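S.K.: Chains as they are written, first to last, in UniProt numbering: chain A, 1 to 331; chain B, 1 to 331.
Some hints could be false.
Sample of chain A residues facing chain B (criterion: CB under 7 angstroms; computed from the structure) [stated by the list, open to error]: (1) 134; (2) 136; (3) 140; (4) 142; (5) 159; (6) 162; (7) 198; (8) 201; (9) 257.
Examples of chain B residues toward chain A, derived with CB under 10 angstroms [to be verified]: (10) 135; (11) 183; (12) 186; (13) 271.
Dumping the calculated BS3-like pairs for lysine-lysine here, alpha-carbon to alpha-carbon at most 25 angstroms [what the hints assert, rightly or not]: (14) 175(A) x 97(B); (15) 132(A) x 122(A); (16) 200(B) x 272(B); (17) 260(A) x 246(A); (18) 184(B) x 200(A); (19) 122(B) x 132(A); (20) 260(B) x 200(A); (21) 132(A) x 97(B); (22) 122(B) x 97(B); (23) 320(A) x 260(A); (24) 122(A) x 272(B); (25) 171(B) x 171(A); (26) 171(B) x 200(A); (27) 132(A) x 132(B); (28) 264(A) x 200(A); (29) 122(B) x 171(A); (30) 97(A) x 200(B); (31) 132(B) x 175(A); (32) 320(B) x 5(B); (33) 132(A) x 171(B); (34) 200(B) x 122(A); (35) 272(A) x 260(A); (36) 97(A) x 36(B); (37) 97(A) x 5(B); (38) 272(B) x 260(B); (39) 200(A) x 97(A); (40) 122(B) x 122(A).
It should be emphasised that the hints constitute simulated quantities derived from the structure, not laboratory data. Since the model is a prediction, treat every value here as computed from it, not as a measurement. Virtual Cβ for every residue (Gly too), placed ideally from N, Cα, C.
Protein chains: 2
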Amino acid sequence: MATLKVPAQIPSPEDDSEQLRKAFQGWGTDEGLIVKILSHRNSAQRELIRAAYASAHGEDLLTSLDKELSSDFERIVMLWTLGPAERDALLAHEATKKKVTSPNNFILMEIACTRSPLELFKTKQAYQARYKRSIEEDVAYHTSGDFRRLLVPLVSTFRYVGDDVNTTLAKTEAKILHEKIADKAYGDEELIRILTTRSKTQLNATLNHYNNEYGNSITKGAPMKTYLKCFSFRVITDDPDNEYLKLLRSTIKCFIFPEKYFEKVLRLAINKMGTDEWALTRVVTTRAEVDLQRIADEYQRRNSVPLDIAVSNDTSGDYKDMLLALLGREE
Amino acid sequence: MATLKVPAQIPSPEDDSEQLRKAFQGWGTDEGLIVKILSHRNSAQRELIRAAYASAHGEDLLTSLDKELSSDFERIVMLWTLGPAERDALLAHEATKKKVTSPNNFILMEIACTRSPLELFKTKQAYQARYKRSIEEDVAYHTSGDFRRLLVPLVSTFRYVGDDVNTTLAKTEAKILHEKIADKAYGDEELIRILTTRSKTQLNATLNHYNNEYGNSITKGAPMKTYLKCFSFRVITDDPDNEYLKLLRSTIKCFIFPEKYFEKVLRLAINKMGTDEWALTRVVTTRAEVDLQRIADEYQRRNSVPLDIAVSNDTSGDYKDMLLALLGREE
């Protein structure tokens, strides 16, 4: 469930484009107007506005926004205005620009695992159009060791989408996962093969079987809330500070419970001393048209405070207004 | 350069479809008519004929062909009638059905390396539509060791297509390749990363640099015809019977000189005791609309006999007629 709210009647793209142009002119920029328009248009509508703006003013709307806005407000408006594939391409490129460090690994994994295979493919096309390289070569070049062995196939595979489940296979592969995890062979080729090539439906069946078959022995004596934890329990508790194991656990979480994964990213971003605006902006802009309502529900359940209130207490100014508008809070 | 010859004036898809229907009826099948029509239509035209046939007779043309034809002639007509993506999906699926053995590894590599990235992507879509699984999971499941480490990323990566070359990178990566080959580390992660993720243009620049920088020392005392061999020399001569090294050499060949790769497949298929019809049919049907003329030129240069003559001497009947028609030999 998306949080994006689009009015039943909206102006034409040309009218929206002209209103935005007005917001850029005169004494100072009218940030309120920018929020009012852009935060209530879906990606197809924003694309039409960009086209209308470019044809009327000979300049990309993003270029104008870049000139007029600054800091966190600029970033959220820019990221939001981009279409999903272009935005993901930009986020992935930022993540691969330097030697990949922890948060960047998570961003790459997040893009690879929470988007549909076709969305990921469109991101690859947008990445190539913009950066004249493939996402695969950049990820492979900037990673090494277990991180590379996991991340490169995650971004490369075009997974099957469908409800078909092979039960025999699910049992066999649950057994393989169990053996590898028992041996603490977290970077093992077979474990990575299963996680990086199987369809999400098949993976879900495999992890369900894992839980049924091996759940008890693993959870014995340990508090356990969800069956997800049954699988990832030994993976994570083995060494809570190991970055690769954190990434592996998050990968599984992204496949099975993406809303729990995103809830945690938001929780850490908001609870942090000084708020992690980049993480907050990333999750809100990439999920507002997809499943931000479900993430917000999960947030409230886990933190006993509504997400919009938490965001509102932690941010300010135009940036806060844009966040709340994308979160669907009525003005 | 394709060898396929399409007449300037062709009948409508409906007329072609009716002629084919007639060929299936009455006393025996009129194989000559099937060859006459199908071997002179391009893939878009064949698709229209299939659609017209299905709508007129409520049966897929391929099903009718399957009923009417047999053995090598059936296979060549069926493979040819399929569009490129469906055909490659079928060939790849055959290659992954059992534990992958030598020729199957080569077929998978050939599809991954000699098609354009977008063609490979369309094959992945066709594969999923037909088999309800991804090509990536099937290849990963049916391979192991160095073969898996090379083949899975080869079929997975969506490579960049473009003329952009990073010269500094070409030098760095030529050095890496040289070090790995000097160490006989043919399954090394870095060597595989370079071959499986870089664009073909970038790889070509890297191999050119390899030749310029390391060519002399490697070729010293060895007969050397092409710069391709400069690179692959140590890879191959190290152990000529090692299947993985053969695959690695062929991979490089497919990137740089696909016509040389295909010429050799044809040469071995024709020279074999009893002809390898499956290889012959595969190369002719997959390349007739692409570069079979260039492959035929290479064949003549290497064997001092025109390809159509060699094929003609080695095959017979309707199968031979279809091969020669696809080779562009005028009746």
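S.K.: Hint by hint, note whether the structure agrees.
M.R.: Here is what the structure says about each hint:
Interface hint status for residue 134(A): upheld, as the beta-carbon distance to the closest one in chain B is roughly 4 angstroms, under 7 angstroms. For residue 136(A), the interface hint holds, since its Cβ comes within 7 angstroms of a Cβ in chain B; the closest pair sits about 5 angstroms apart. At its closest, the beta carbon of residue 140(A) sits 5 angstroms from a beta carbon of chain B; the interface hint therefore holds under the 7 angstroms criterion. For the restraint placing residue 142(A) at the interface with chain B, the shortest Cβ-Cβ distance is roughly 11 angstroms, beyond the 7 angstroms limit, so the hint is violated.
Nearest Cβ of chain B to the Cβ of residue 159(A): about 6 angstroms, under the 7 angstroms cut. The hint holds. Taken as an interface hint, residue 162(A) checks out: its beta carbon lies about 6 angstroms from the nearest beta carbon of chain B, inside 7 angstroms. The beta carbon of residue 198(A) is positioned within 7 angstroms of a beta carbon in chain B (closest approach about 6 angstroms), and the interface hint is therefore held. A distance limit of 7 angstroms between C-beta atoms decides the matter here; for residue 201(A) the minimum to chain B is near 11 angstroms, and the interface restraint is violated.
Checking residue 257(A) against chain B by beta carbon gives a least distance of about 22 angstroms; that is not within 7 angstroms, so the hint is violated. The beta carbon of residue 135(B) is positioned within 10 angstroms of a beta carbon in chain A (closest approach about 8 angstroms), and the interface hint is therefore held. Proximity of residue 183(B) to chain A is violated relative to the hint, the smallest CB-CB distance being about 18 angstroms (cut-off 10 angstroms). Violation of the interface hint for residue 186(B) is found here, the shortest Cβ-Cβ separation to chain A being roughly 17 angstroms, above the 10 angstroms cut-off.
Checking residue 271(B) against chain A: minimum C-beta separation of about 38 angstroms lies over 10 angstroms; hint violated. For the given pair, residue 175(A) sits about 22 angstroms from residue 97(B) by alpha-carbon distance, which is consistent with the 25 angstroms threshold. With a C-alpha separation of about 15 angstroms, the suggested pairing of residue 132(A) with residue 122(A) holds against the 25 angstroms cut-off. Only pairs whose Cα atoms come within 25 angstroms are accepted, and residue 200(B) paired with residue 272(B) is rejected, the gap being roughly 32 angstroms.
Of the supplied pair hints, the one linking residue 260(A) and residue 246(A) holds, its CA atoms being roughly 14 angstroms apart against a limit of 25 angstroms. This hinted pair does not check out: residue 184(B) and residue 200(A) have alpha carbons roughly 38 angstroms apart, beyond 25 angstroms. With a CA separation close to 21 angstroms, the supplied pair residue 122(B) and residue 132(A) stays within the 25 angstroms bound. The suggested pairing of residue 260(B) with residue 200(A) is violated, with an alpha-carbon distance near 41 angstroms, which exceeds 25 angstroms.
A hinted pair counts as satisfied when its Cα atoms are at most 25 angstroms apart, and residue 132(A) with residue 97(B) does not qualify at roughly 36 angstroms. Pair hint residue 122(B) plus residue 97(B) holds up; C-alpha atoms about 20 angstroms apart against a cutoff of 25 angstroms. As the CA atoms of residue 320(A) and residue 260(A) are separated by approximately 23 angstroms, the hinted pair is consistent with the 25 angstroms bound. Using a Cα cut-off of 25 angstroms, the hinted pair residue 122(A) and residue 272(B) is violated, with the two alpha carbons roughly 45 angstroms apart.
Restraint check for residue 171(B) and residue 171(A): not satisfied, since their Cα atoms lie roughly 47 angstroms apart, outside the 25 angstroms limit. Of the pairs offered as hints, the one joining residue 171(B) and residue 200(A) is violated, with about 40 angstroms between alpha carbons and a cut-off of 25 angstroms exceeded. At most 25 angstroms may separate the alpha-carbon atoms for a hinted pair to count; residue 132(A) and residue 132(B) exceed this at roughly 32 angstroms. A C-alpha spacing of about 21 angstroms is found between residue 264(A) and residue 200(A), which places the hinted pair at or below 25 angstroms, so the restraint holds.
Proximity of residue 122(B) to residue 171(A) is assessed by CA-CA distance (about 31 angstroms); at most 25 angstroms being required, the pair is judged violated. The straight-line distance between the Cα atoms of residue 97(A) and residue 200(B) is roughly 22 angstroms, inside the 25 angstroms bound, and the hint therefore holds. With a CA separation close to 23 angstroms, the supplied pair residue 132(B) and residue 175(A) stays within the 25 angstroms bound. Between residue 320(B) and residue 5(B), the direct Cα distance comes to roughly 17 angstroms. Compliance with the 25 angstroms bound is thereby established for this hinted pair.
As the CA atoms of residue 132(A) and residue 171(B) are separated by approximately 19 angstroms, the hinted pair is consistent with the 25 angstroms bound. Of the pairs offered as hints, the one joining residue 200(B) and residue 122(A) holds, with about 21 angstroms between alpha carbons and a cut-off of 25 angstroms not exceeded. Proposed proximity of residue 272(A) and residue 260(A) is supported: the alpha carbons are some 18 angstroms apart, at most 25 angstroms. Proximity of residue 97(A) to residue 36(B) is assessed by CA-CA distance (about 56 angstroms); at most 25 angstroms being required, the pair is judged violated.
Taking the CA atoms of residue 97(A) and residue 5(B), the gap is near 49 angstroms; set against the 25 angstroms cutoff, the hint is violated. For the hint linking residue 272(B) to residue 260(B), the alpha-carbon distance of about 18 angstroms falls within 25 angstroms, and the restraint holds. For the hint pairing residue 200(A) with residue 97(A), the CA-to-CA distance comes to about 29 angstroms; that exceeds 25 angstroms, so the pair is violated. Restraint check for residue 122(B) and residue 122(A): satisfied, since their Cα atoms lie roughly 13 angstroms apart, inside the 25 angstroms limit.
Going through the hint list in order, the structure does not satisfy hints 4, 8, 9, 11, 12, 13, 16, 18, 20, 21, 24, 25, 26, 27, 29, 36, 37 and 39.
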